[in-house]
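Residue numbers (our numbering): 1137 to 2253.
Check each hint, because a few of them may be wrong.
Said to hold, decoys possible - FRET-style restraints, in silico, Cβ to Cβ:
#, residue 1, residue 2, range
1, THR1992, ASP1175, 41 to 49 Å
2, ARG1730, ALA2029, 51 to 59 Å
3, THR1174, ASP1154, 27 to 35 Å
In short, the hints are calculated from the structure, not lab data.
Values in this document were obtained by computation on a predicted structure and should not be read as measured data.
Every residue gets a Cβ at the ideal spot worked out from N, C-alpha and C, and that includes glycine.
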Amino acid sequence: MKASPLVNLGADRVRMKDQRDVDRQQATVQHLLDRFYTDKEEEQYELQVVADEVGMGKTFVALATAFAMLEARREDPEEQKNASVHVLVLVPNNDALFRKWNKEVKEFVKRCVPEDKRTEVSSRFRRVEVERLDELVAALCQRNGPEVVVAKTSALAGKVRNFDAKARLVLATAFRVWANAFRLDARERLLRGGEKWQWPADPRGFGQLDELQEQIPLELAPLVKHIESELGGERGEPLLEACRECATPYKHNREALLVDIRKKAVEIYKEAVIARLTRAIPLVIVDEAHNWKNGPSKGSNNYREFARWIAPRARRLLLLTATPFQLRPDEMLEILKASDDMDIPEDRCERLRMFREKDIRTVLDESSRASKRFAQAWARIPTSIGPQAILEVWNQPNLVEARERLRKVADQHGALAFGEVDAAVELGARGVDPALREFFTQALRLFAFNRDLSQELGKLVVRHRRRTEHRLVRVGDEVNKAAEHINARPDARVLHASPGIDVRGEGELPHYLLMRASSEIKGGRGKAALGQNLTGCYSTLFQSADGKEFQKADSGRAREYVEVLKGLVGTEDADARHPKLAAVVADTVARWERGEKTLLFAFRSNTARQLARLIGEAIEARIDNRKKQAFGSDTGLQALRNRFTGKDRDLIPIVLDRVLWSALWAPQGKAFGPDALQPSKEDYWQVAELAFRYGVDVMDKTPDRVFLQRAVECAQARRLRTLVDAKSRARKLLEAVADESWVAEPYGGMQADDEEEAGTLVSEKGVLSRYRLVGKPTAEQVASLAQQLLERDAAAQRVHKMSALRTAFVGPSLWLGVEPLDVALQRWHLHDSVDDHQDQRLFHEHLDALTWPNGTPDFRTRALAMQAVRRAALRESLLVRLLPSAAELEDEAWATLLVQRIGEPLYPGGESLLRRLGVFLEDLASASGDIGDPTDARGALFDATRARGQSGVYLVAGDTKLDTRNRVFSGFNTPLLPEVLVCTQVGQEGIDLHRHCRHVVHYDLAWNPATLEQRTGRVDRIGSAAARAQDLRVRTGLDAPSYLEVDVPYLAGTYDERMFEELRLRAQTFEVLTGGELAADQAEGVEEEGEEQGLSLVTLPAEMVAELRVDLEVWRE
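Please build the complete structure, drawing on both the sequences and the hints.
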């Protein structure tokens, strides 16, 4: 089977800017289809695992595979007869992942299917979300419904909705089936206890089932037949006996017995529901499949229900996971056992079982044993031996020849022949320095068994590793150093050895006191594990459970140390002096001042709160300081902001959407040129007439500038519409703008009446002004007013100023530049050779895409998009960074200043705010769905810009409400608030935070490097801000590269340093070893429960690591 020609995973250049990502994803899709459908039976496997690292597009790979399978199914009569028309997607009980899948199906069609095919494809390849078992079955039984069914695995085990109605359906059917076996008088006695569930007391009324249809997601008639069948089986008799007992005359506790009867009835209902699935499911996709590492044997994480309800109907199973090598061999095998329960012929099921148990188990075990022996030999190498010395030995001819022999042996089918391995290893190790011989002997054995594992496991598992050349990892005290000071390190892209943050001086004493007190309490024995609480922030120690016990110390010296420690750092105010906290706060605030967002992870709740508090206070202090510098008081900024809001205020013109000027930047914007938008005498006459018709005094000292803008556009459109092709898109635009409704209503009345604003952001009331007709002027009145307008315009030009009316024609605009005419003329005549105005082009091209989705202007979407853009550009925290040091500007100069600043890089070599707003419009335009529907991808992005009273610094913790959490995450993924996001573990998976952030800080260290990678993956994804920043550097010719910066701060000479060293060494062992022997027990979870293992390993050369690691890639550069 071939991948569908309708799907192009590289079509969306917003996400897929790197062709390598496109090639990798398409190769993976084809590989999966080949494994599922090959004609060679020995190469066909009905279970596949995609284990690409976080953020590499596994979701779209899975959807492209599913799409190809469903398309091919339409051409196969046999498949149509025996298999369903649906694909089932199961996700863990994670709301973020559930919502993401529901959006991604629509996003997939929008981004990967040609525009002329989208309507047809989206009519069938669409998703339905279900939360209960019977809803899932109903969706899978619907022949012409959505083809992608998305459900949480908890739906397989959870309660059904309308429990009482479904129990009643089964009992009513049972009464009819049992007939005289359960007489009418017994039924009456039974139903007396059902009043609390609104059951009819009369058995005849109880049996009227039509009224239940609305509460049952499946058609009743066929469902009742299956219920009858179940009643005749092993479950029917216990239900009948329970009913007889409950209906016994004068029975006590009848209500409690009825509760049990209801449960038995609903179990029969579930069995009948699942029996409705008479056709196989062609593909089941399971996300986060590592949650089933104990599932097949123990039935955990809803695997028992999956094996009972779904697996026996699944033809093919696609498991998605990012952490396969955090699993031990037995856990990996457990996941692969899912094939035992699938709907495949017994001989093929047995073949898969034998392959897993005979081949995979053997090579996993041998690789695991080789890993242990290699780790032991590795630990014995003196730390004085460096990576270069190891590499020189590794590249000796005898070792190179040995690896070539082992490669040939390993590439043969089946498990390795030990004799051949031993012979090649002995040959290779001969002549190696005796002090290193054991290490290289075990390295060769690991090379052989990992190569063999790659060959065998690769038949079931695909895994691509993330490139890291775009990363810059700042460790320890490097968090206070510029990138250029770290970039020269060859290991700067990964966790590396570097000194910690210096705690000497004031910061050293608390750690000394803690160590002395712990030693006294333990009688000089054991480690001071409490140190990990102190290395985050001081107050965390005293608020933690261990810390509270620690404070109860009653031995003399220990008590003295505790009291001195509390006196030094016993209050939250002391946290600001904590060396690590102070360094991270300072660095985060410095990024904020450059307009850069930062994502921080701190899994200790109090530490996270203190981080958010101190960063927020520091930012607020800088905002207040900038206000005083610019205005001398807080009221000055409010006065400035008011000048953007009133329809008669002088700065509102720069924030208005100039639709005709914007059209010049559109891909199809050649219908009329910039010169055509210069004011003409005819335009002045049109404006004068409109002013009379709507009763607006345009000669007032403070005229209505919103009205002037609309009147000018209407006048220009009337003049130009006859000059363009009557069938062109430009003509449609000009006709819409030329209509008088354009003046009376925002965008001619096509915008939804949405005046909601985001907290202290700019009000939309002026922009949304409405006008009513009041009369019809005479020609003389129009001529007189037009002449006055011309004269006022000329008078202003003589003193080098611009009248309000001329400003509406050609005045400065945040979106078009200080001189829109000059900028547009350059673009018009030189086009792509001019690079200076790429930001304007990006902004208007995507605004145009939002306006013209299908050949008809959508002004509602445009209006709401511009509303969001104004909120982003004019929020207080941003305005203060655009202001001069002192407000000594004339009123007229403010517009020019702000327009200039919005188009300038926020920091040297960085993006301008205008470009970031253009990226936001790009995201809106490329997203699927309705901008007004928060459940759609586009609507969720827009909805995030409407948050009221949201702080620039936000903490998302376990107790944060789900709706608030979702809006904060979405807002962080836009140019709006928050600008600093502090997360506990709730932000580790299932969310995308990468479009406007390229800085992540792992404040609290984790034992497991997979946890750090999972968190970093929130911002290191396809289409990230880091990739965009690097692209900008290349395009503008700047020498200095731009990176995704990953900060891992730790304190020198403390428990923090010991924990970091363990983490760093584990990161390297994960690269080489399998089986989890040097890994923490879990890839996620409560990190303080991890264990220190006392690793002490020399750093291996990257070339050697690359050869030793398991390789499961199906695409390579």
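Against the structure, the hints:
Range check, THR1992 to ASP1175: about 48 Å between beta-carbon atoms, so the 41 to 49 Å window is met. Against the hinted window of 51 to 59 Å, the Cβ-Cβ separation of ARG1730 and ALA2029 comes to about 25 Å, which falls outside the hint. Between THR1174 and ASP1154 the CB atoms are about 30 Å apart, so this pair conforms to the stated range of 27 to 35 Å.
In summary, the structure is inconsistent with hint 2 from the numbered list given earlier, while agreeing with all the others.
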